[in-house]
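Chemist: In case you want the letters, here they are:
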Amino acid sequence: MHWLAEVHVSLRSGIADPEGQTIGSALRSLGYDSVSEVRSGKLMRISFEADDSAAAEAAVAEMCGRLLANPVMETATWELRADEQQDPELVVP
Amino acid sequence: MTLLARRPRVAVAVFPGTWSERDFAHVATGVLGWDARLVWHAEDDLGACDAVVLPGGFAHGDHLRTGAIARFSPVMRAVAAFAATGGPVIGSCNGFQILTEAGMLPGALMRNDHLEFRCDWQTLRVEHPDASEAWLGDLADGELIDLPISHGEGRYVADPATLDELEAERRVVLRYADAAGRITADANPNGSERGIAGIVNETGNVLGLMPHPERASESEVGGTDGLRLFRSLERWLQARPAAAERRL
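Just so you know, the sequences run in chain order A and B. Numbering follows numbering that gives the first Met the number 0, in which position 22 of the first sequence is assigned residue number 21; successive positions increment by one, without gaps. Numbering follows numbering that gives the first Met the number 0, in which position 175 of the second sequence is assigned residue number 174; successive positions increment by one, without gaps.
The shape of chain B in the complex, shown without the other chains (with noise of 0.2 Å):
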């Protein structure tokens, strides 16, 4: 097997307001080795890069609606283009939010039920991690997963055709769970449809989904589950050196 014979390099976008840019680069650079280039959102080229990270925060304050202004924003365009041509691209929490804004996923992100922000460990339940290899390879259904979740507007809603529509496309690939893995009211922190907490596109390259995997990435902060999203891409990156080249 041809291995991708450089290290993953990884654009970073930046919006006013995000929080969470330098915690996606620190895991890319120190945890993993990888290159990462942290991407102003005024910039329309994202640069050579095998894979796009979208952060939380409040991109532009959250005005008007959560991710409602950032989906204009220039580099957005360049995000569209990177996955259009099946590159992976990962949203989190405010990067989920611009995503559903953006048309990129469907649904939207509301005000959490009990109109509480929720700053908490989260237990996960990973369902279909084929449907999205390069960001749950290495991970397997059923399995739960423990990440930090951080947003005071998590409430995932999309029309009853549209949830079922993604539940028959394989597409909701983690939900809230208990401890024992089952999904449940209590279970859910934001009151989200379904306990969906991350959802993917009709080809799987972008995943977005509300808690933060690069604030799970380093054992000294409470857990590693996060850090093996981005040992999935890695994974996937390296068995397809020649699309990851011909991306850049």
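This is chain A alone, in the form it adopts within the complex (with noise of 0.2 Å):
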């Protein structure tokens, strides 16, 4: 099966976060005074084959262990589904 993992890496609380305060001062100098916080991260969308649900989420869980996130300063969550539409199965050539 086809599946479409989107992981966001953000940074742990209490790691400072220069940009997020940059964007954040440009959105309140933009008069959006309301802004009181921002955090920047990163997104990432893994498109993978794993044989079912509980595989691909192991899958993702590793790499994001091994390599997309620094646990060090950051933290990493993903929402996981099918990717029916990228099923090589699905495709007519």
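Some hints here could point you the wrong way.
Computed Cβ-Cβ distance ranges for the label pairs, DEER-style [as the list claims (entries may be wrong)]:
#1 B:42 x A:7: 34 to 40 Å
#2 B:181 x A:35: 31 to 37 Å
#3 B:6 x A:41: 41 to 47 Å
#4 A:44 x B:32: 48 to 54 Å
#5 A:33 x B:161: 33 to 39 Å
#6 B:180 x A:15: 23 to 29 Å
#7 B:217 x A:7: 44 to 50 Å
#8 A:40 x B:16: 19 to 25 Å
Hints listed in this document are in silico derivations from the structure and should not be mistaken for laboratory results. For every residue, glycine included, the Cβ atom is placed at its ideal position computed from N, Cα and C.
Assembling the complex is the task here: the two chains are given apart, and the hints tell you how they should meet.
Modeler: This is the structure in structure tokens:
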């Protein structure tokens, strides 16, 4: 089966985020006075094959643990769904 | 005393996008008269060497995080194995970032707090040089040295428990200082926790630092404080000829 994972990598709370702070300042300077905080992060969309949802879940967890996030300063969360449109068995050559 | 009966040999790892490997090799061969070998990141053998350099630059484009891709390059398995035998390893700038990503040193290097790239001379305070005799044996505790920095992502971070442990184990060996040796926010060029510019591993043979000692090894380029790290290594190797030969 084909799967699509959307992985969000965020900075841990307590880790300073100068990029987020700069974006926040820019928003306030545009008149969005109610903006109190911006935290920046990364979004990665990963298309891959796995036999079932448990295997897909395990694969994404492993990818995050090994490469996508550095636990010293980041955490990763993800949403996973079967990606039928990308399933090679359904694609007409 | 038996002396090492040959020139020191240094292996300098080269990753796609690193830029300081030739400066390191120039200092090793041209200034110190050592042998230097550039080792492409895809190689898994460092060859016969007494020390390993992980140079500065932007390995693998610094994509994802600095050092995050480089840590999986085959050469890093050899570097880890070399370090595990007590072999001296120095990672400068991007090399420091790679060492933290590889788990060979704790913590991480993040974007400078002011978001700017900094390229300048920087005063550093040496602390606990005895924690890393191989790299700092010629330097004195509390001494001030000047080395260039050149980075956009040099803000050292670690959780408070790790920072306390590093301090307790005397593994913070370089801090950003002002001309009087004070560790102040103004003297800190990137927002590093506790002004940390360089740390060593538990056994002291692996040194990671953001500054560039290889760019301060000839008076023509403005200073020679960096050369003292390599002179320390040379003396350290000379004092341990048997260990040096065993590692080859």
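Chemist: Going through the numbered hints above, which ones does this structure break? Give me the numbers in ascending order.
Modeler: Checked against the structure, no hint fails, so every one of them is satisfied.
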